[in-house]
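Since the structure of chain A is already known, use the hints to place chain B on it.
There are 2 protein chains.
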Amino acid sequence: MGIQHTSSTSSNGTGHGLEHTQTFDPGGLFAERVASIPSSFIRDILKTTARPEVISFAGGLPNPAYFPVEDIHTATDNALRKSGRAMLQYSTTEGFLPLREWISARYKAQQGIDISPDDILITNGSQQSIDLVGKIFLDKGDRIVLENPGYLGAIQSFSAYQPRFVTAELNDDGIDIQGLNHAVTTTSPKIVSMIPNFQNPTGISYSLETRERVGDTLKGKNVIAIEDDPYGDIKFHDNRLPSLKHYLGDQVVMFGSFSKIVAPGLRLGWVAAHRSIIDKLNVAKQAADLHSNFFAQRVMFEYLSTNNVDAHIAKICAAYKHQRDVMIEAIRTYLPAGLKHTNPEGGMFIWLTLPEGTSSIALLELALQRNVAFVPGKPFYANGGGLNTLRLNFSNSDEATIHEGMKRLSSAMEELFKHAPITTTA
Amino acid sequence: MGIQHTSSTSSNGTGHGLEHTQTFDPGGLFAERVASIPSSFIRDILKTTARPEVISFAGGLPNPAYFPVEDIHTATDNALRKSGRAMLQYSTTEGFLPLREWISARYKAQQGIDISPDDILITNGSQQSIDLVGKIFLDKGDRIVLENPGYLGAIQSFSAYQPRFVTAELNDDGIDIQGLNHAVTTTSPKIVSMIPNFQNPTGISYSLETRERVGDTLKGKNVIAIEDDPYGDIKFHDNRLPSLKHYLGDQVVMFGSFSKIVAPGLRLGWVAAHRSIIDKLNVAKQAADLHSNFFAQRVMFEYLSTNNVDAHIAKICAAYKHQRDVMIEAIRTYLPAGLKHTNPEGGMFIWLTLPEGTSSIALLELALQRNVAFVPGKPFYANGGGLNTLRLNFSNSDEATIHEGMKRLSSAMEELFKHAPITTTA
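Chains as they are written, first to last, in my numbering: chain A, 2 to 427; chain B, 2 to 427.
Bound conformation, chain A alone:
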């Protein structure tokens, strides 16, 4: 229902205005950038998958079964008892200092990286980190390099600043170095944005060699390297490959998030970067929403400082690893042979490539008829393409659900390929 002028008050008009039955149309007033932000394909899909009978591999949700509800409840109780009045007041833009100290100490302990708490800004999750970095760096027409396919949320956020996207293909071992080098030398981008660990949407990780070569390619160039790392801790093996920070130092802007290791509903992430960048981000953050939720920051810090977070993360990883195994097995069991898929060593997603010439959007229609959903790959390609790809989420479904969902997907594929048969030569 649009808002209507009420007849009791519209009589104030002096005759030169609209009739009160007429609706004001703001269309002509919207900024140019509004047309630049792609409408959220995923959001629209998620709406259609809200029906309880739909098995959804579409979302990017962590599994709520592993949320530490009781421990968060206890932490909240304690935080409110200790500092209830303080946590309800306005706070500083940069974020709660003990929380920034915790993040700083963790970088040091986990990865041997020195980052001062003053070089960290607490945000409302990585999505805001992306938006703020876009805001302080991107003028209209500036170039930004994205992985192809790349994170849809980044495409959306950056689009608001009307840059030109340049893409570098994502290979099985990470970003294509030749493509990256070409993009950087021919288009002088301000930013190269990367998710080196268990990327969204593909699950692909950069190999050690790729990381070194990204370092060689970007080092000393007048370009910012975003290392977005929401999934780094959600890994199915023990070794951790080095951060791009090791190769690129001050050129790197690191994003981190509590959404996958604790809970997304608390909406907390961070940016770690050189002080000169953090200073500008602070100004942008203050203009955007003053500061991140202080109540949630105090709860988060209380939780982190009174629980064994690594033991909790290990539990999540074990569960997701099993779900990954089940989904990979189901792909091999139920889906047509010859489909290409990633086999991620962490994170929450598997990437599936259908035969050339087929459409995952057409597949989605058939899948939804069978009450199973996924995200078509096309919107992850900033400059088009990827029509035959799709993303499957494995973090938010149990074993039985994965089997049933993949059987349904298999039936949808069968129907699709009846009309557009698999050609193994493609």
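Just so you know, nobody snuck in bad clues.
For identical chains, the list gives no copy identity; a pair is met inside one copy or between any two copies.
Straight-line distance between alpha carbons at most 30 Å, and here's what the computed DSS-like set of lysine-lysine pairs gives:
| no. | residue 1 | residue 2 |
| --- | --- | --- |
| 1 | Lys-83 | Lys-48 |
| 2 | Lys-48 | Lys-109 |
| 3 | Lys-48 | Lys-341 |
| 4 | Lys-322 | Lys-341 |
| 5 | Lys-379 | Lys-341 |
| 6 | Lys-408 | Lys-419 |
No lab work stands behind these hints: they were computed from the structure. Please read these numbers as outputs of a predicted model, since none were measured by experiment.
Frame of chain A, contents of chain B only:
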């Protein structure tokens, strides 16, 4: 401390990059808009006033003595018990439906305004409402009309979109109608932004006549009217003047906030607007940070639905009214005669005008030497001016503190006027 490349990893460089002792300078990469956002004068002042011996009338903080800490604690307990797992998960961009329904019902009950819950977007407080509306409407060079003086946070947020500010003077009975009319007819602004109730920084409210004439002036014009109303409920009398919505219908974008009536640490506000605008705001909000803190939204709704909010607000109003009375009396008792000041009927601020030719920035220096602080008026003037004005906050100081602070301010003024005596003819 800037981040330095560590020597153990810098050996990866292939020689064409920076030396590892050299620091990367991102200066040349920042977007043009970064230079447009004024650095936060208030933030800098607040830092200097953090010393406990300073009496600060500078902040814009609600009084934490009136935060409903126990009731929020109980509400949090109940929310976590009832829906702990849900409130830790990702949620919808538009916000928690029951919370939007509560806001919708309150508009109806308090002001007789029909607003569908679907025409409401939950934000991280009014500051984000401002930022998102700026983002969807303002292209570089677009005109936006602000009250003069106007809300500093709005000047900062809008600045990021590089508009041209047009100002209309704020008189004792609200925005100057001739100035508004001139601004609208000669500059074709996209937005007129107003705080009709107990404005920040002045405490001024629009009279009934001013509201009607704003309606007459803007109605039917191709312009959005922002009605920012964080203080509307913090009123020291019983009657409520009509919202601009009554006169301007769909042209009005309304901002509301829980920061002053419940607690700012929960960072929750909202935008209520025509569906076509809310749709675009949803896209911008999703790109900015996916959705507002869901944990806080569930806590807020639980608090609102199990407490007598109006009784709570009445307690705040009674306390602030007393503090306003005390500060007005202290101004008349201690400060030089002939200073002009507002006498607000609500909100949290009093606006003081020093004699022409004197500087409140010079006064601040003398005041800080005497351990009392306020905010100089200059930054509230988007296009300059106001050097002889200043803002005093009365919500966050008790009676004794107000008296002591005003005595100190009196001493600072005495010192200032020794060098630049009051001339009553100015």
